[in-house]
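Number of protein chains: 2
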Amino acid sequence: MNAAAVDRPATGPELFLNHVRLACLPGVGSILRKRLLDHFGSPEAIFTATAGELRAVHKVGPKLADAIATLAASRIAEETIDLCRRRGVEILAEGTAGYPRLLAQIDDPPPLLFVKGRLEPCDGLAVSIVGARHATAYGRRTAFQLAGSLARAGYTIVSGLARGIDAAAHRGALDAGGRTLAVLGSGVLSVYPPEHAELAVEVAGRGAVISEAPPLATPIPGAFPSRNRIVSGLSLGTLVVEAADRSGALITARLAGEQGREVFAVPGPIDGRMSRGSNRLIQDGAKLVTNVDDVLEELGPLFEPTPAADGREVRSPAELRLDEVERTVLAAFDRAVADAGDGQATVDVDDLLAGCELTVSRVLAAVGALEMRRIITRLPGNRLARI
Amino acid sequence: MNAAAVDRPATGPELFLNHVRLACLPGVGSILRKRLLDHFGSPEAIFTATAGELRAVHKVGPKLADAIATLAASRIAEETIDLCRRRGVEILAEGTAGYPRLLAQIDDPPPLLFVKGRLEPCDGLAVSIVGARHATAYGRRTAFQLAGSLARAGYTIVSGLARGIDAAAHRGALDAGGRTLAVLGSGVLSVYPPEHAELAVEVAGRGAVISEAPPLATPIPGAFPSRNRIVSGLSLGTLVVEAADRSGALITARLAGEQGREVFAVPGPIDGRMSRGSNRLIQDGAKLVTNVDDVLEELGPLFEPTPAADGREVRSPAELRLDEVERTVLAAFDRAVADAGDGQATVDVDDLLAGCELTVSRVLAAVGALEMRRIITRLPGNRLARI
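Those protein sequence lines, which keep their order, are chains A and B. Under my numbering, read the first sequence as residues 1 to 387, first letter to last. Under my numbering, read the second sequence as residues 1001 to 1387, first letter to last.
No lab work stands behind these hints, which were simulated from the structure alone. What you are looking at is a predicted structure, and each value in this text was computed from that prediction instead of being measured. Positions of the beta carbon are idealized from the N, C-alpha and C atoms, including for glycine. A portion of the hints provided could be inaccurate.
[What the hints assert, rightly or not] Covered by chain B, according to a simulated footprint, are these stretches of chain A (three or more residues, beta-carbon under 8 Å):
hint: 1; segment: 130-143
hint: 2; segment: 282-288
[To be verified] Below are the EDC-like pairs computed for lysine to aspartate or glutamate, each with C-alpha atoms no more than 20 Å apart in a straight line:
hint: 3; chain 1: B; residue 1: K1287; chain 2: A; residue 2: D284
hint: 4; chain 1: A; residue 1: K287; chain 2: B; residue 2: D1284
hint: 5; chain 1: B; residue 1: K1287; chain 2: A; residue 2: D271
hint: 6; chain 1: B; residue 1: K1287; chain 2: B; residue 2: E1262
hint: 7; chain 1: B; residue 1: K1287; chain 2: A; residue 2: D294
[Unchecked claim] Interface residues of chain A toward chain B, partial, derived using beta-carbon atoms under 7 Å:
hint: 8; residue: V266
hint: 9; residue: P267
hint: 10; residue: G268
hint: 11; residue: P269
hint: 12; residue: I270
hint: 13; residue: N279
Construct all of the structure, not just a fragment, from the sequences and the given hints.
In structure tokens form, the structure reads like this:
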């Protein structure tokens, strides 16, 4: 940082550079970073402060003051940005267009997000599924199934890429052809746990791996609670599938509540250690979930019908995620209802087949997918209706 | 029924006789009986009505009108009373002193209860535990344990003597040395299911087997929902341990709610058929129970401290059920606290041993029992305190 910067407050690229530099401070989690920012007003001011000024901040000792001075004189920000460019990691700054809207609403949004993969507008409709690392078969199966059902219903599944429930949730979303986001405590190029490196690649290919730490950061103690606020902060609601007493998943659920988001929990046997936390959450007011409808019932009303690119009104999250064939078949359904003009909102399957210029098998497969997505339902007498 | 009775409304023994006669009407459940009573005003008026008057009542056909005439002319009431006397079955009439106070408060209390065993005043502190006949091992284990813990804490356990959860609940109470009541759909001398005949004998020995049907009645369709209102009606709260969709236990829970009593449910795995009903109950507002404290927390405040026979104040349900040694040790504890007069409510175990004229092993066993009953608790440093 040169002297000129002191006279001219950093903006644009310079502010960004200082934020990246701040993210690179070793051993500084979101709480201490926020304290420094609150105290000095800007990352620039932190890097131009004297050692004495720095040590006036609670929990800043000589070692950290030294580290800040070293970083100020280094090119670490430039090098990090270069690394991100080479390795395909996007850096999203708070206040810019690509930054997740829901996350921006929490009390202490991360100034920067490092993103491997891609965040899309539809990821604003997200549910996090979290739980125990040492989950039981019941917990893993449940997380997998609920993640799949929610993904088919149009929601992006957020989790923490941990062993157990987290991994099952990501896999469930991927298997259902849905989108999923993994929020890490370590850097996105330093995946923890190591055996989930391959899963991280899959997640990045159909969503994103996200961290507020620079790409090569190893996890530090305290990074996980901070990480959890991003998991819940990205989501309309948090669903806890299994959690022992004092589990990190309970922290995520608490943060979700504090952030004004929905809290859901799956019950389990009262003599199972892994169900203690989730049963307790229900006692404390979390909504008990036995199937995907219990979640959709709460989240559905949060979705406002919006006009899509093609002018049609999108009535549910699932409609944002249709493939081309599904979109064609749904459009044919809506046309058939409008053409009939008899006030009935149902269409005969045979009429739908006649109305689509597609093979019978493709139409029937698309109808099946639209049923799974809870957009249409099959009525007696081979008739279809919107849900 | 002779002509004299028509001029002189039946009271006392005569009213009682007519109520027993009414209870003996074959194929008449509590709903139709109430309809007859509401229509005619008294059992006597039912038995002096003409066939035409009887058939003016909804669901009374020629067959039932005939049966009423036959019964009116018979000595069935006298014979039933005689049978009860010979076989040790007590008949409690609504409005008399021995009739259970909580049951008298419901909308349609049975006019008579046939009781094999004995109802005691402490049975007014009762919790019913009900659930699936085809319960899982988890359900049976849970019912057994919770029944035992509640029995030790001073509650009488009410259930329906059915297979599965009911039987486990009775056994749990018996094993813990507690009291238990079994309410049958059949007569108390015609136990159903037959393989629970022995369990019924044990229950009658440490509580009571109860029915509103005469002693030899076989179960009629419709008797079980009626029976369930007595199960919940006898209890401060009803706890459902496992229940499939449309289970009878859910009817009991609904009736408990309608009667203004507490409703509790034990959660279970969402993919277990036997947990569907109980999880649903929790979604609908039942209190989720993971251990006995969750129940005691709700019921405890319903208990008002009362002076016992010996003048001491009884502060919890459990104190109503102490054996002589436990009572002696608790009195010694209370004396030690009062004597110390140092404002501390704790007593050293050694001081307690010195204060009782009993062997060390008996005192320590009693202390253990008082802990199990949640009357006293052990603090660090070998000290004891009231809970």
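Right, here's what the structure says about each hint:
no.: 1; hint: 130-143; result: holds (count 3)
no.: 2; hint: 282-288; result: holds (count 4)
no.: 3; hint: B:K1287 - A:D284; result: holds, 11 Å
no.: 4; hint: A:K287 - B:D1284; result: holds, 10 Å
no.: 5; hint: B:K1287 - A:D271; result: holds, 17 Å
no.: 6; hint: B:K1287 - B:E1262; result: holds, 8 Å
no.: 7; hint: B:K1287 - A:D294; result: holds, 18 Å
no.: 8; hint: V266; result: holds, 6 Å
no.: 9; hint: P267; result: holds, 3 Å
no.: 10; hint: G268; result: holds, 6 Å
no.: 11; hint: P269; result: holds, 5 Å
no.: 12; hint: I270; result: holds, 4 Å
no.: 13; hint: N279; result: holds, 5 Å
Hint check: no violations occur; every hint is consistent with the structure.
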